[in-house]
Structure formats: structure tokens, C-alpha cells
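All chains should be built: construct the whole structure from the sequences, respecting the hints.
Top line first, the protein sequences correspond to chains A, B and C.
Take 4 as the starting number for the first sequence in the numbering used here and just add one per residue.
Take 15 as the starting number for the second sequence in the numbering used here and just add one per residue.
Take 3 as the starting number for the third sequence in the numbering used here and just add one per residue.
Read the hints as simulated data drawn from the structure, not as lab findings.
On a predicted model such as this, the values are computed, not experimentally measured, just so you know.
Positions of the beta carbon are idealized from the N, C-alpha and C atoms, including for glycine.
Worth double-checking, as some hints may not be accurate.
Label pairs and their in silico Cβ distance ranges [what the hints assert, rightly or not]:
| # | chain 1 | residue 1 | chain 2 | residue 2 | range |
| --- | --- | --- | --- | --- | --- |
| 1 | C | I93 | A | G119 | 47 to 55 Å |
| 2 | C | N139 | B | V19 | 28 to 36 Å |
| 3 | B | E247 | C | V54 | 14 to 22 Å |
| 4 | B | E207 | C | V54 | 37 to 45 Å |
| 5 | C | I93 | B | R84 | 41 to 49 Å |
| 6 | B | N194 | C | F393 | 37 to 45 Å |
| 7 | C | V54 | A | V116 | 25 to 33 Å |
| 8 | C | L32 | A | A150 | 52 to 60 Å |
| 9 | C | S166 | B | E207 | 54 to 62 Å |
| 10 | A | V73 | C | L191 | 39 to 47 Å |
| 11 | B | P161 | C | I419 | 30 to 38 Å |
| 12 | B | R26 | A | G119 | 47 to 55 Å |
| 13 | A | D30 | B | R26 | 19 to 27 Å |
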Amino acid sequence: MAVVATFAYEDAFLAAAEKLKSSGFDDMELLSPIPLEEAQEILGLGKSPVRRFSLAGAIIGAASGFAMCVATALVFILPTGGRAIIAIPPYFVITYEMTILFGVLFTLIGFHVVSGLPAWNDKPYLEEANIDRFVVVVDSGSGEQLAQAESIIRQAGAEEIRHVEVE
Amino acid sequence: MNTLVDRFRALRRPGYFEEFDYHWTMTIDLDRCTGCEACVVACQAENNLPIVGEERYAINREIKWIRIERYWEGDYPDVRMRFIPMLCQQCDDAPCETVCPVFATYHNQDGLNTQIYNRCIGTRSCAIYCPYEVRYFNWFTYTWDEPLEQQLNPDVSVREKGVMEKCTFCIQRIRIAKDNAKDDDQRRVRDGEVVPACVQTCPTEAMVFGDSNDPESAVSKMMQNERGYKVLEDLNTTPSIVYLTKAHS
Amino acid sequence: MFDHGQPSYAEVNKDVLSTMLETGRGYWILLGSTMSVAGICFFMPWIYQLFVGIGAAGMNRNSVWGTYISNFIFWIGLSHSGTLLSAVLHITNSQWRKSIYRSAEAMTLFSLMTAALFVMVHVGRVWFVHWTFPIPNQMGLWPNFRSPLMFDVMAITTYLTASSIFIYMGSVPDFAAVRDASTGLRRRLYTIFSFGWRGTAKEWHTLGWAYTFFAVFVIPLAVSVHSIVSWDFALSIVPGLHHTIFAPYFVCGAIYSGTAGIVTVMYCLRKFLNFERYIGQEHLNNLGKLLITLSLIWSYINMLELFSTWYGGTSFELEATRFRLTGFYAPLYWEMILFCAFVPLLMLSRKIRLSWNKMLVISILINIGMLTERFIIVATSLPRKFLPDAFGFYFPNWIEISITIGSFGIFATLFLIFIKWVPAVSIYEVKETLNPLRRNG
Chain A
4 MAVVATFAYE DAFLAAAEKL KSSGFDDMEL LSPIPLEEAQ EILGLGKSPV RRFSLAGAII
64 GAASGFAMCV ATALVFILPT GGRAIIAIPP YFVITYEMTI LFGVLFTLIG FHVVSGLPAW
124 NDKPYLEEAN IDRFVVVVDS GSGEQLAQAE SIIRQAGAEE IRHVEVE
Chain B
15 MNTLVDRFRA LRRPGYFEEF DYHWTMTIDL DRCTGCEACV VACQAENNLP IVGEERYAIN
75 REIKWIRIER YWEGDYPDVR MRFIPMLCQQ CDDAPCETVC PVFATYHNQD GLNTQIYNRC
135 IGTRSCAIYC PYEVRYFNWF TYTWDEPLEQ QLNPDVSVRE KGVMEKCTFC IQRIRIAKDN
195 AKDDDQRRVR DGEVVPACVQ TCPTEAMVFG DSNDPESAVS KMMQNERGYK VLEDLNTTPS
255 IVYLTKAHS
Chain C
3 MFDHGQPSYA EVNKDVLSTM LETGRGYWIL LGSTMSVAGI CFFMPWIYQL FVGIGAAGMN
63 RNSVWGTYIS NFIFWIGLSH SGTLLSAVLH ITNSQWRKSI YRSAEAMTLF SLMTAALFVM
123 VHVGRVWFVH WTFPIPNQMG LWPNFRSPLM FDVMAITTYL TASSIFIYMG SVPDFAAVRD
183 ASTGLRRRLY TIFSFGWRGT AKEWHTLGWA YTFFAVFVIP LAVSVHSIVS WDFALSIVPG
243 LHHTIFAPYF VCGAIYSGTA GIVTVMYCLR KFLNFERYIG QEHLNNLGKL LITLSLIWSY
303 INMLELFSTW YGGTSFELEA TRFRLTGFYA PLYWEMILFC AFVPLLMLSR KIRLSWNKML
363 VISILINIGM LTERFIIVAT SLPRKFLPDA FGFYFPNWIE ISITIGSFGI FATLFLIFIK
423 WVPAVSIYEV KETLNPLRRN G
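This is the structure we're talking about:
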């Protein structure tokens with residue numbers, strides 16, 4: 004059983020979310036059509052772990068970029084233009100590009116890992132949440148906890164409250 | 015070059031080679047050159063140069079690994095023509111080698127700037143980077159009408175369209191000479207044993223070819239001549255061809 | 003920002019999605035024509051050239067590079083606009099970019115694809131072009147990473163990948179909006195495309211961070227890509243090309259031509275997709291100010307080039323410059339100066355900056371000038387290298403001109419396909435610029 008509440012106004016939505024958080028509903032979900040910094044703060048989402056993926060990607064990219072240049076140059080030693088076989092200026096450019104390439108790819112992986120997407124499951128969702136409504140979803144807890152959640156939401160001025168079956 | 019340190023030093027050394035096995039060099043005496051273009055014909059015969067045709071020649075699509083450049087001086091009736099044979103200078107610091115993305119051109123242990131036809135993908139950047147404009151591109155797959163294909167040199171490959179080519183100092187002759195020398199008791203190639211087709215054909219013996227690593231070779235002695243200079247020397251391409259200016263001004 | 007009053011959130015969804023979900027006959031006619039232009043003007047001559055050889059084009063012994071390379075550089079240049087708007091202005095938190103950045107990013111992606119096609123047209127043996135990629139093979143042969151052209155390969159591959167990821171990830175919430183508004187096969191497809199996006203705070207949080215990191219990565223990438231492209235020229239020792247200013251010159255020129263391209267595309271979006279409400283005076287004004295700044299920088303760099311050539315006084319450089327300014331292509335050179343340095347000065351006037359029709363004309367003239375500039379760099383430097391006997395001349399022939407025209411057809415086709423598959427205006431970012439839905443003010 005899940006409580007799915009629709010709000011037409013942002014401030015009512017955020018007020019309800021704040022009250023719910025302080026009443027202990029830690030794993031509620033706050034759906035909105037635009038990113039809301041306040042909603043993220045209420046849920047205590049600080050710095051995202053995605054940044055670690057980006058950093059890891061950049062470092063791996065730099066290392067593998069330079070390693071690729073050096074290793075491929077050593078397979079057949081083909082001097083060109085009176086330059087050294089391991090030449091720093093050209094290899095720096097290649098390393099730079101690989102740093103960015105791997106940084107971007109790892110950030111992409113990080114996004115999927117951290118956000119849990121793709122998730123084609125049947126979690127509660129309302130189409131209005133992507134148009135112009137703000138939706139609170141409380142889907143865990145005992146019957147009386149859900150009732151308490153419902154009353155908080157009603158007090159905050161929800162437009163509509165639904166009860167949805169959850170697997 | 016046994017230790018790891020030695021190997022690393024070699025990999026960081028500009029040009030990689032401490033010294034070349036043979037440093038093939040040529041001198042061209044402009045005083046002796048008559049501009050007869052026999053070298054051009056000889057090169058065409060030896061290296062299977064394609065017959066481009068009159069039409070395409072006129073629009074600057076010719077393929078002449080060695081060409082005679084002509085410069086006119088003065089006004090009629092005191093006109094003078096100066097010419098200079100221009101071929102691949104086999105630069106030790108070749109700008110063309112650095113830019114090929116697939117290593118189709120590189121510097122070998124004999125100081126030659128080699129061109130690998132079957133690796134070339136035809137980006138043509140080497141021709142852009144060459145200051146002497148001695149690189150030629152196969153704009154089409156040229157064919158030889160019968161019976162001209164019978165005079166093709168079997169030691170030299172025939173190039174298809176999309177491939178860059180240039181003077182190789184007749185590397186096929188050098189390779190055969192080195193093989194023969196190796197068979198003949200592992201000796202070195204003697205001075206004068208191998209000459210490219212152009213040097214062989216020059217009627218005035220204006221061109222001298224040999225190993226400049228060998229201080230006794232004819233070419234080393236010619237290089238000492240005070241008339242000697244290198245074309246576009248201040249571009250720091252370190253060419254392997256020394257020209258000797260005309261003796262009088 | 004909104005010239006005709008703010009739309010509501012629901013109206014934003016409706017306006018943007020209707021351009022995707024409803025298709026009139028005009029669209030199909032336009033798509034058909036751009037595809038015909040692409041097919042007839044680009045692909046057919048290219049296939050002819052593949053069979054016959056590069057000799058089918060107009061290049062010769064000293065001008066071995068021609069319009070294929072100059073068009074390649076033009077299209078890469080055009081691609082820098084999206085990155086600037088998307089990434090740089092995202093980092094600086096600018097509001098006016100929000101309704102136009104999606105289309106600008108799409109322009110980036112499609113210009114890059116067109117540019118990559120030009121590489122394939124240019125190369126002599128394109129069936130071996132995969133040798134420029136470090137793919138393990140039986141021969142044990144690898145590309146030459148010391149080569150400026152390899153910098154190009156790596157840079158453009160990275161830029162293509164990063165741009166595609168950037169535009170895709172930024173569109174995920176909008177794909178969810180499309181999913182919600184459609185039925186049947188389209189709904190299924192967009193369920194997949196949107197990864198099951200629901201809009202939870204956690205998803206927004208992660209997307210926001212990932213997107214910012216993409217932007218942070220893409221900005222130095224864009225600067226490096228066009229610098230690297232310029233180094234294809236500048237790392238040679240050809241007199242007209244061997245200038246250290248080339249990297250800043252090309253990057254500035256790229257952003258300049260790209261921003262002019264955005265003005266042109268925005269005009270078309272307003273006209274054909276009825277986006278007048280979302281793309282208004284403020285956007286035009288800001289784009290105009292950007293163009294004026296870039297035009298002044300571009301003019302300055304051109305003057306710098308002339309000055310350093312004159313000051314250095316080497317005979318080779320002076321001859322190359324003389325040929326450029328007074329030789330056969332002098333009319334083209336001065337046309338370029340007129341369109342890129344003088345005509346944009348009109349934008350100093352606010353009245354002109356706020357007029358869509360005048361800005362359309364100016365932006366098209368700027369891009370004509372920039373296309374000419376790339377051509378001038380190639381066609382006037384290569385025939386004047388070092389040895390006077392080897393000087394030559396280059397004039398493009400009908401195949402090259404046709405392929406140039408065809409490339410615009412390819413770009414237009416890709417863009418037309420884009421507006422039916424991805425919302426051309428970012429729905430959620432536009433909503434962020436609207437007044438927040440608050441009960442109490």
C-alpha cells in the first residue's frame with residue numbers, strides 16, 4: 004500500500020515534504036516536473052556519488068591514454084620526422100582527449116548506477132508529475148504510519164490523495 | 015642496447031637512431047647538370063611511374079619523382095635559365111613523416127624516408143607538409159596500354175588510386191645490393207656498387223650517390239666541396255641531398 | 003524573456019510535444035527535398051568518386067587538399083555553437099539559454115556527423131580508414147599517435163561521443179514527457195528511451211550532477227577539438243598555415259560561425275514550429291551581443307595575422323599573403339572580410355539586434371563568409387609554398403561544389419529527423435524559467 008498525494012503548488016509540496024521527513028518518513032519519494040533544490044535538501048541528498056565516477060574515469064582515461072600511445076609505439080619502432088619514439092607533446096594531446104572521453108563515459112555509467120535507472124518497474128507514478136503537479140509517494144510503513152503520513156499531507160493542502168497497491 | 019636504461023634512452027632520443035647503418039646521400043653538381051631530363055625518364059622506367067597523359071599533366075596532376083625546376087632570370091635578350099633537379103630530399107627530420115596517421119611513411123635505418131604503398135590510406139597530409147613538393151598522389155588507377163606493361167620493373171610494385179608515392183633512392187636496388195653483399199661473405203656494400211636509376215643515367219655524371227657514413231666514399235668527398243648547399247636548409251629538415259652551385263656567379 | 007506572456011507548465015508540454023506528435027504535409031515535403039539534395043548532390047558524386055578516384059575532384063599536385071578539408075573544418079566549426087550554449091552557459095547559470103540549447107546541441111551533433119562524412123570523402127582509400135583507429139589486428143600495426151591527424155581522430159571521436167551523451171542525457175526527462183503523451187509503439191519506444199524516468203528528487207539530483215560534469219568535460223573538449231583541427235594546418239611548415247595564432251583563430255571562428263548558425267536555426271524553428279512564444283527578443287539580443295563580441299575578436303586576429311606576416315618579413319610569407327590579398331582569390335578574401343568583419347558591426351545597433359529578419363540575413367552572410375574563410379586558407383596557402391617553380395593554382399570542380407551543397411542537405415535532413423524524435427525545446431528547463439507555482443507568491 005502506498006500513499007500518493009498530488010500538490011498543485013510547490014510551497015505546499017515542500018512544506019509537506021519537510022514535515023514528513025521530520026516525522027521519520029525517510030524513504031518517501033518526491034516527484035516534480037522540474038528539479039527542486041529544496042526537495043533535494045529535504046531528503047538530505049548532498050554531494051552526489053556521481054562525482055567519484057567522473058574522477059575515476061578521468062584518471063583511468065589519462066593513464067590508459069598515455070599507456071596506449073607508448074605501448075602501440077613500441078610494437079614496431081618506426082621513427083618519424085626525427086622525433087623521439089616516446090614524444091611527450093603529441094602523446095599529451097592524445098592523453099587529454101582520452102581523459103575527457105573516459106571521464107564522460109564513466110560519468111554516464113555513474114549516472115545509471117547511482118540513479119538506479121533504467122528502472123522499468125511499476126513504482127507509483129502519475130503523469131501529472133511530469134507536467135505541472137508535485138507528487139509525494141510514501142510507500143513503506145505500517146498502516147498507522149501511512150495514516151499519519153496521510154494526515155500530514157492533508158494538512159499541508161494536497162489537491163488529491165490516492166491509495167495505490169504496490170508489489 | 016641491452017640494458018633497460020639504454021633502451022629507454024633510445025626511445026627518448028630524437029630520431030631514435032644513434033647513427034644510420036648506411037646514410038645514403040646524393041650530391042648533384044648544378045654546374046654539370048644540363049637539364050636534359052634523362053634522369054626523369056630513367057626514373058620513370060625503373061620505378062613503374064604511371065603514364066598520366068597529356069590532359070592530366072596540363073592540370074598539374076603529373077607524377078615525376080624527379081623533376082627539373084626551371085627559373086628564368088633577366089630580360090630578353092639576356093635571358094638565362096637556371097635549373098635544379100628536385101627529388102625527395104630524404105630529410106632526416108622529415109616533416110612528412112610525422113603527420114601520416116598510419117605510419118605509411120617513416121625513417122628507416124639507412125636514413126631513407128620510406129613510403130609503404132599498401133599502408134597508405136590517402137589522407138595526403140604528407141604532401142601538404144613537404145616543403146619541396148616532391149610527393150605525388152595517384153589520382154586515378156593508371157594503366158599501361160599493351161605492350162607497355164611488358165616494360166614494367168618486376169622489383170617495384172604498381173600503385174593503385176589513392177596512394178601517395180615519391181622518390182625512394184631506388185630502394186629496390188639498395189635492397190638487392192645489400193642482399194648480395196650479405197650473401198657474399200657478410201660484407202658491406204661497396205661504394206659505387208649501387209646507384210639509383212637517375213644517377214646511373216645522368217650523361218654528365220652530375221649526380222654522385224653513396225654512403226656518407228663512409229669517409230672514403232665518393233659522395234663524402236663531394237660533400238666537402240665549398241660549393242655545397244642544401245635546399246631550404248633553414249627549415250631544419252636536414253635533407254640528404256647536397257647541391258653544388260654553379261662555379262661562376 | 004517571454005514576449006507574449008508566460009505560458010503555464012501544461013502549455014509548455016503541449017506546445018513542445020505537439021511539434022513532435024503532429025506532422026503536417028509541409029514537413030514531409032521539406033524532408034523529401036532535403037533528402038533528395040543530400041542524395042543527389044552528395045552521395046551520387048561521392049560514389050562516382052569512389053569508383054574513379056580522387057582525381058574526379060579538382061585537386062592537383064600542390065593543392066592536394068581542397069574543399070573537402072575546408073568543408074570539414076567549416077562543419078566542425080559550426081558544431082561549437084551548441085557546446086558554448088549548452089555547456090558554458092549552463093556552468094554560468096544563464097537563464098536565456100534554456101529554451102534554445104537543445105536545438106543548438108542537436109546542431110553540434112549533426113555538424114559533427116557531416117564533418118566526419120567529409121573525412122571519408124576526402125581520404126584516398128576510404129576502405130582502409132579504420133586503420134586510423136587503434137583496433138587490434140593481425141598485422142600488429144597501430145596508428146601513429148604522434149601525428150596531428152591522429153589528434154584529430156581522437157578529438158572528433160571523443161567530441162561525437164560526448165556530444166551524443168550530453169544531448170541524450172539532457173533529454174531524458176523530456177523523453178518521459180513524450181512517453182506520457184503518446185500511445186502504442188511510440189509509447190513503448192520512449193519508455194525505453196526515458197529509462198523509466200519518474201522525476202523523483204533523487205533522479206533529478208543525479209541527473210543534475212551528471213549533467214554538470216558532462217558540461218565541465220565538454221567545454222575544454224570543444225576548445226581542444228578545434229585547436230587540434232587547426233593544428234592539421236599549423237603543424238605544417240607551409241608559409242600561409244604555419245602560424246601559432248591558428249588555434250585561437252579557429253576556435254574563435256568556430257564559435258562565431260556556430261552562433262550565427264544558431265540564429266539561422268532559431269529563425270527557422272520559430273517560423274516552422276511556431277516557437278515564437280519561447281524564443282523571443284531576449285534570446286536574439288543576447289545572441290547578437292555574442293556575435294558582435296566574436297566578430298570583433300575575429301577581426302582582431304585577422305589583423306594580427308597580417309601584422310605578424312609583415313613584421314616578420316620572410317619572403318615566403320609575404321608571397322603567400324600577397325597571393326591571398328591580391329591574387330586570383332582576392333575577391334573572395336575581401337568578401338570574407340566584408341561579411342565577417344564589417345557587416346556584423348551593424349549589430350551594434352540595438353534596433354537591428356532585435357529584428358529577426360535582419361539578424362537572419364546577417365547570420366547567413368556571416369556563415370557564407372566563414373565558409374569562404376576556410377576555403378581561402380586552403381586555396382591560397384597551398385599553391386604558394388616554398389619553391390616558385392612549384393607554385394600552382396586550385397579551383398574546385400563541379401563534383402566538389404555539388405558535394406558542398408549536398409552537405410547542407412545532409413545537415414538539414416538530420417535536423418528535420420531530430421525535431422520529430424526529440425523535443426526541440428527543453429520542456430523542463432523552460433519550466434524552470436517560469437514563475438514558480440507558489441500559492442503564496
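Verification of the hints:
Judged by the Cβ atoms, the range 47 to 55 Å given for I93 of chain C and G119 of chain A is violated: they are separated by roughly 27 Å. For the hinted restraint 28 to 36 Å between N139 of chain C and V19 of chain B, the CB-CB distance of approximately 32 Å keeps it satisfied. Checked against the given bound of 14 to 22 Å, the beta carbons of E247 of chain B and V54 of chain C, roughly 40 Å apart, lie outside it. A hinted range of 37 to 45 Å for the beta carbons of E207 of chain B and V54 of chain C is consistent with their spacing of about 43 Å.
Separated by about 60 Å at the C-beta atoms, I93 of chain C and R84 of chain B break the suggested range of 41 to 49 Å. Hint check: N194 of chain B to F393 of chain C, Cβ distance near 43 Å, so the stated range 37 to 45 Å holds. Restraint check, V54 of chain C to V116 of chain A: a C-beta distance of roughly 52 Å breaks the suggested window 25 to 33 Å. Checked against the hint of 52 to 60 Å, the C-beta distance between L32 of chain C and A150 of chain A comes to roughly 58 Å, which is consistent with it.
Taking the beta carbon of each, S166 of chain C and E207 of chain B are about 60 Å apart, inside 54 to 62 Å as hinted. Between V73 of chain A and L191 of chain C the beta carbon distance is about 44 Å. The supplied range of 39 to 47 Å therefore holds. Separated by about 56 Å at the C-beta atoms, P161 of chain B and I419 of chain C break the suggested range of 30 to 38 Å. Our hint of 47 to 55 Å for R26 of chain B and G119 of chain A holds, since their Cβ atoms are close to 49 Å apart.
Distance hint check: the CB atoms of D30 of chain A and R26 of chain B are about 58 Å apart, inconsistent with the given range 19 to 27 Å.
Consistency note: the structure conflicts with the earlier hints numbered 1, 3, 5, 7, 11 and 13.
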